[in-house]
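Fit chain D to the supplied structure of chain F, relying on the hints for placement.
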Amino acid sequence: MRTLGISAYARGAAAALVEDGVPLAAAAEERFSRRRGDDAFPLRAARFCLAEAGVTARELEAVVFHEKPLRHFEHALASELAAFPRSAGRFADGAFRWLGERLWVKARIASELEVDPRKVLFVAHHDAQAAAAFFASPFDEAAVVVAGGAGEWASASLALGSGTSLEALAEIHEPDSLDRFAAGVRRWAGLATELGPGGLADLAAAGEPRFAEALREILRVHGDGSFELTPERARLDPVRGLDGELARRLGPAHRPGTGSPEADAARRDAAASLHLVLEEALLALARAAHARTKSERLCLNGSLAQDPSALARLAAEGPFRSLFVPAAAGEAGAALGAALFVQHAVHGIPRARDAEQVFLGEGILHDASAAARLVGDGEAPAELARKLDAGMVLGLARGRFEWADRGLGHRSLLAAPGAAGALRKVSRAEGFRSLVCSVPAERAAELFELPAAGEGLARFARIAARPRERELFAHAANAAGALRVHAVERSADPLLHRLLVEFGEQSGTPALLHGSLRLRGEPLARGASDALGVFERSELGALRIEDALYERA
Amino acid sequence: TRALFEDILRDEKYHVAYTGTILERWRRQGRGGEVRAALAQARGSRWLDGWKRFGARAGARLSRGILRVLYFTLLAPAAIPARKLARERGGWRPPPAGRDPRAQG
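In order, the protein sequences belong to chains F and D. Numbered according to the numbering used here, the first sequence spans residues 2 to 554. Numbered according to the numbering used here, the second sequence spans residues 16 to 120.
Treat the hints as calculated values from the structure; they're not laboratory data. Using N, Cα and C, we set each Cβ at its ideal position, and we do this for glycine too.
Calculated Cβ distances over 12 Å to all of chain D for the following chain F residues: (1) 33; (2) 141; (3) 245; (4) 317; (5) 360; (6) 372; (7) 373; (8) 446.
With beta-carbon atoms standing in for the labels, derived distance ranges: (9) D:28 / F:23: 50 to 58 Å; (10) F:553 / D:108: 56 to 64 Å; (11) F:101 / D:50: 36 to 44 Å; (12) F:254 / D:95: 25 to 33 Å.
Computed from the model, here is a short list of chain F residues facing chain D with C-beta under 8 Å: (13) 92; (14) 94; (15) 123; (16) 124; (17) 125; (18) 171; (19) 177; (20) 223; (21) 227; (22) 229; (23) 233; (24) 347.
Bound-form chain F, shown alone (with noise of 0.2 Å):
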């Protein structure tokens, strides 16, 4: 059974194909377009996703999308209708797309890609969510939390997920939201929206939390587990709501700065106090999710589940002893999350071995010219790892490109972990985010400080932790000294795995510094032409496209 999973219309649109559950291919469009959290119908993804499996739509037998519309709308328009008068302008806006585009999602799914509309499927968007989440997962059984994300009317819910089934248990509505009360915090300390949840993290570690009993009065989490917004004029506003609570409890809003704002204490302090009760929060739904299924196993979506902090938290002190986090976590992974649901949930397909693959995106087609050199995949790794302990920073492009929101190896930057500053530079990430590190699988706790919990997390970098040769990675931490941590397993990816064990062997330390192949504010590269662009546009010393290798003069 051959099944195409779109997501649209939420940051992160995306189409992934799974056939008899094992996914073939899956992509966001932002790849294709090169615009950064493309939300635009994914054409071009969809596409892409048929020409990889080799067949055409009208071969498919279902195309599935991640959320169900009409609910949707009526939570829009509910929504938007509490917060009369306050709300006409956002509400015409709003309506407008609705009306215009999204309550005809069927219509255009049909007509773009040519396939019977009695072919195409919805699946609520939380279930799709936990599908991706548990479906990719190498648990038979466990627990499935999602927290956070844009879907009908839950903002939370709690599944139970054995074997091929996904037993919805129950959900926390609108307007009572992580996200919400996120983002009014967020919009009153001035943040911008461009700092995800691995950013606020690291901010978060430079300041204080002078703020948090006063943002804990707000969002009051309960003893079962489930949260609420407390202010009324939050529950009726879902934009401003917040703002003159906030205003009133933690002082005047501040404006958006223009330096980093690792600079200001308040906006360190307000990260600091937004990230604890959000921990906490997850906390809560964790500890609920293993009080009404019993599972030793947690697999976790949404917004919360890309902050490598909280995971980190949540790891040690929760109660759970294995954690899944997919690698696409949010909203474009539940493209993939909507085609495995209705292939296992629905028709009871078997799972496959192998569910938890990464390298679902196009491959490279390259020519190398006569500036590169050709160097194979036998002598890469000692050449490489050779320019890497000389302080190079080095930009790798092969195979398929990653199904996740930043490299793994196959679209990547890689730096010794003295060349942080280098790495930095290139990537132009600022000085208080934490940054990657790659080490083989096999000496991931050794040279990290890792819950046992946490160890599968380790596999797509979802987990910070710190290093035990605190020195040596102090330039690539974040302020309270943790880096996210990529366990890279030599079956998954024996390459960079290689390179790891010779970096080692000639440095002494097998940990890579591991950035993604981009410029800040673009999408990941795509292909050779989009590598080759990063190379031009930055300080990168050299750049290894399949086998030609690029070097500077």
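Relative to chain F, chain D alone:
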């Protein structure tokens, strides 16, 4: 960036000059009618594209205006139950009953 734009401008000037040369050659070959028709179509399509863009923007503005009117008239009474719903304290709720993937709602 300035150098890039200068490169692009140089390329465009070349394209214009080259196209002009081809059209002149066709005129001398007695294909003047074709050349005039092609130029008229090119000029006309610019006007048509501009008209379409104006139409799309005007349509969007008009639609938004109508939606605002609907908001304050037809939908205003629905604000009362919407506010009542938003004020309700929820906590945990059971998941929605129907999970039929054929349903859009």
